[in-house]
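Trainee: Letter by letter, the chains look like this.
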Amino acid sequence: MSSETTTGATQPARPDVERLHLAGLHAPTDAVLSVRDLNVRFNSENGAVHAVRGVDFDLMPGKTLGIVGESGSGKSVTSLAIMGLLPPTAEVSGSVRLNGRELLGLSDKEMCKYRGNDLAMVFQDPLSSLTPVFTVGTQIVEALTIHHPGMSRAAKEARAVELLAMVGIPSPKDRLKAFPHEFSGGMRQRVMIAIAIANNPRVLIADEPTTALDVTIQAQVLEVLHTAQEETGAAVVMITHDLGVVAGMADDIMVMYAGKPVETGAVDDIYYNPRMPYTMGLLGAVPRVDVAEKSSLVPIEGMPPNLLHAPTGCSFAPRCPLASDACLDGEPALAPVGGEAGHAAACIKSGSLGGSVDVHEVFAAPPVPVSRFDAIPREERSTVLELTDVRKHFPLTRGALIKRRIGTVKAVDGLSFDIREGECFSIVGESGSGKTTTLLEIMEFHPDQDGEVVIGGLSNKQAADTKTKARMRRELQMVFQDPTGALDPRFTVYEVLAEPLQNAGMDRGAIRKRIMELMQLVGLQPDHVNRFPNQFSGGQRQRIGIARALAVNPKLVVLDEPVSALDVSVQAGVINLLDHLRAELGLSYLLVAHDLSVVRHISNRVAVMYLGKIVEIGAVDRVFDNPRHPYTRALLSAIPVPDPQLERTRERIILQGDLPSPLQAPKGCNFATRCPVFAALPPAGQEKCLTLEPPLEPASAGTDQQFACFFPDGELDEDMLVAHEPADQHAP
Amino acid sequence: MTNLNAVDPATVAQDAHLEHADVVIGKTTIIFRRFLRNKTAVAGLAIFLALTVFSFIGGFFTQWDKETIDPFNIGMPPSADHYLGTSQAGIDLYAMTVEGTRISILIGLVVGLVSVLIAAVYGCTMAYFGGKVDKVMLFILEALIMMPALLVVAVATSGGGEGLKRNLPSWLLLIIVLLVFSWMGTARLIRSMSMSLMQRDFVKAAQYMGVPPRRIVWRHLVPNIGSLLILDITRGVTAAILAEVAFSFIGIGIKVPDVSLGVLIGGATSQVQTFPWMFWVPLTVMFLLTGSLAMMNDGLRDAFDPSSSSTGKAKKAKARKTTVEKKMA
Amino acid sequence: MLKYLAKRGITYVVMIFLTTSAGYFLAVSSLKPALLEQERIPRPTPEQVANSMRLKGLDPDLNPWERYVDWLTGILTRWDWGRSPNGAYINAEFGDRVWISTRLFLASIILTLVIGVALGVYSAARQYKFQDRVITSYSYLAYIVPAPIAYFLVQLGAININETVGERIFFVTGISTPGLAPGWAQFVDMLAHYVVPTVAITLVGWGAYQIAQRQYLLDNVNADFVRTARAKGLTRNQAIARHALRVSFIPVAQSIAFTIPAIFAGGFFAEKIFAWPGVGSWSIDAISLQDVNAATATLAYGSVIFALGAILADFATTLVDPRVRVQ
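Chains as they are written, first to last, in this note's numbering: chain A, 1 to 732; chain B, 1 to 329; chain C, 1 to 327.
The hints are simulated quantities; they were obtained by calculation from the structure and are not laboratory data. Certain hints may be false.
To be verified - No more than 27 Å apart at the CA atoms, straight line, and that leaves these computed lysine-lysine pairs for DSS-like:
1) Lys177/A - Lys3/C
2) Lys392/A - Lys255/B
3) Lys272/C - Lys255/B
4) Lys461/A - Lys392/A
5) Lys392/A - Lys135/B
6) Lys467/A - Lys204/B
Here the structure is a predicted model, which means the values were calculated and not measured.
All chains should be modelled from the sequences, with the hints used to inform the complete structure.
Mentor: Written out as structure tokens, the structure reads:
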């Protein structure tokens, strides 16, 4: 297992001075980037925040190190400290050596020799990371000019075209003159990568490069990063919160918690044999898209510590189910774990943990809740929501003075489905597929809508007067994506929860009682009702949002990406809560999510949407295990799985390009422009796809799976299939 | 998607607060404390209050009033009898300054408060209804912005509209005209802020719960633009005082026999060389007034700004020093 | 782009029409020139006054609506903006005065913008340092002084300089010394008249731009794209100069819309105080002379200036922001 890459700090017990000294003398001479005892402090209103506390690692040429952690764990600060991009108020100490040359302490000007040349970085948010007023070409050429002032104009332009082609931007020559706002998010991230690799860096730091992107685009960008690494031979530091993203590409992993590495080692050791409870918890907290597991997720209770005070014990101890008094006595250092070279964990109990320990037992994952409806066949349960042929079309106009209609955006185009009691129904698809519009159409509930929406027996066509609407609102409530934005910052929790109850005409005493009930129901302390939302963590805020939705006892709760804004460890708790509430209260859910793993974990049925239409629908296990529509197959294939061996070997479908604009959608099947099956079809078959619209038809008798494709078993186009050679760089 | 990368010491610090949440401080308290910590702002508030009190009770400290002519002291510099001297007509300047300050503060406060009120109602209505209503109201608003206010002031106060002029004192007329032309900028700001608030999930949540529009505006919109409203009140008061002085200075605002700071300053320009105190005294009062308001406004803005760096400056300076020392070592 | 400008243009024409019409009604119902005429000595009979007014198209016996229709017909058919109570034609008076006003403001507008933006950038680069504090404090000071008083103080200063030197270097009032032969002497005379008002208007005007530009630049100093530029190998200052600066111009360009009318409004005061016979001082005189047509014409002029400013701002914004360029 990549023994030459030592993920440092195997001499943790030594004092800092000695470690620093060693960094100069004993660091592997061939390490391209060597970090020792990196510490970063910020001064805040409340005192010094110690954001990074003693990070050590060595990065070998061409290798990939994954730094994994939740928000506030110090992973991004580490990367910015290496780049020398922290604000001048930050205090950075320790040692960062690039090819043996010390970088810390260099002036901004001296650092410029390395930044963008040997040391490059790709940032998280592609939308704001490019200067809006310069063309993409100018920005790439700038990167070349800085480090090669002698290069001719023509040569720089040729190189820019070459770079754009390398990161997969079609017709790169013309696109040089385009401005960033003319590119989609995924395309902009490609441009960012092109800028980063312009000067063949030795080290490329990617800080959550795909977090802001759709799964299909994430797969594309990860592929581009892979190509970039192959082309340049750069060593990569990949920073992420998603254990799936790094599983396939990293050689080594460093898990960070509260500013400190808590477990380091080769990727397989970390994933298959974690020795630190936090790592185990993180792995157990992520649902898997590839297995029909029916176990609860591992919730990690509590919050990460603040970094204002030096910890006196293990910083994870307050959240650790295994913590004992010994854990509070001094912070444990990274210590080698027996038997595995380079595997180290900062836990006094790491010796007793290992392959055979079940994380669900350690973290006491709750039992899988069983709903009273589970036993009743679906057909016999009553319908809580039914959509029949719902459409939402927006006119697309151009022209300032006289608006010409140049087309129609079919955001939702003839949608029909129903949700039965006690069921969780999910809609998945890329952004722009019409998921959110569907939710808005349901919430709107207006007689002028195109198509019928029936909520708990009330139809939008029959009556939409205030009274019916009020009755409908009591049947249906919503939980929003961003828990912070969904709560009025000026309301206390009590006021937040009281609002729907007052609106329902309850008296004060009853409201008070109900609020206390709700707080308990969602696992919050009832005596916290007088606090403001900003005094709660993200997960707790989402619980408040759920409590508010449940206040009036609705039958159906609409969940719009309920966990996507939360950290993984917190996410698990909220998912478990939703699962539990559905069983206990007999609720039905309509869930919209882009994370297919979450969908698989929590839903009974799923619909896959593409450009306003359902392309495949059915029971979740059926659809995910046996997807028929090429789009469903592509979506599922795009999800990285936290299983390094599987990730390295599996073949994946990489869809080309972005979601097409509605104007470019063909007359027949919407998906034809990106379809891997279509691309491999003979001309006659292609003709059929382009002219006829495939109807939604049952897959086989006896299942409720339906899909809309003429050639579900067609061969896939080879260009869109990617498999990395297993022997590539991970030979055991 | 949350930005998981934000290197934001403020959030870390806030999280630290959460840990010791026994000391839960309300937002209002925090803002109030921040304001109090800002020395300049507190000084501004003190000066403004002192001037207001002076303008009401100052008249009791002298036997003279703004109309009585002292035939023995004409155009005299400050003396024990006339604290601030007299005009060339022999009227006590102290008495006139007290009266003028009161009128100026009155104009400022009324225009500042009422125009923000109009702006809030107009802006929120536009944002809430949107569509056609918004378009028409925006057109009216822009047309009003386009009107040169000064000309209308001039027409209204100097025109032969005898009816108006006879029935209303000139300061009231000026207040009305200033009001008509002072609320548009704020209304536009409130409109755009409310529109972005309308897009916020907590407003949507209230709508989906079936909370009636009126209650949403009152309970969600107004409190959330409260800080903007308060800032605009102080700004509006300053602007109105400045406008009064400017208009009266060139002779189209307040008209004699009414007195205001602008009238006093404007009337004294022709004799700056001979009776300098007649010019500088009311000018100084005006500076104190507008200056104190600007200081308050600055402090309030800092106190409302969540990303404000106005606090903890001492700590930062200290920290920087230690860094420097480290580097030198 | 052209279409967009055309659309904006039409909107503004409608607005100008409405504001001017509203202004006409306000003026016609509150300004009564006949009352002034009656105070002449020897006192004319009311019939005489009405007759003379009728001849000039200012018939006081007609109701406001009839007068409005007459007035509008005159403009639309003959581009005739009517006459003053003293018989002068508005059209003739107007041309000269617009030229005088424009001459006065053009230099000031350009100087205000250039100095304001330059100082804004300079002070942002030296945030919290001595220079920044001085410059920014000055701008705040400019904010709390009413424009006419500031002009007056500049005028006083110029007079003081003249007195100290004992020679008349600056002219503090008027636009030129009559009777000078064309040539060098006239040019120097013109400069001497220009300096004081231009300096006064500029001194008062740049503060707002300095504060705005400083703020916008500071807002962008820590933007993500500046970090990207630094990651490419630019120093912090280079990244700010090349990337943040250009982006920070966008909101400033948008605010031009309000500068031009603001300086024009300040122009009333400037013309009055420095005794320049431009549109501003004319309008105020017109009102005190109860001159309905002149007052309305100046109001229309003000609206046109505002519309021009707004269109110019649109234009400037498209120049600096490519996102607006492609619709």
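Trainee: Next step is simple, just say for each hint if it's right about the structure.
Mentor: Verification of the supplied hints:
no., hint, in the structure
1, Lys177/A - Lys3/C, "24 Å, holds"
2, Lys392/A - Lys255/B, "63 Å, violated"
3, Lys272/C - Lys255/B, "17 Å, holds"
4, Lys461/A - Lys392/A, "15 Å, holds"
5, Lys392/A - Lys135/B, "25 Å, holds"
6, Lys467/A - Lys204/B, "19 Å, holds"
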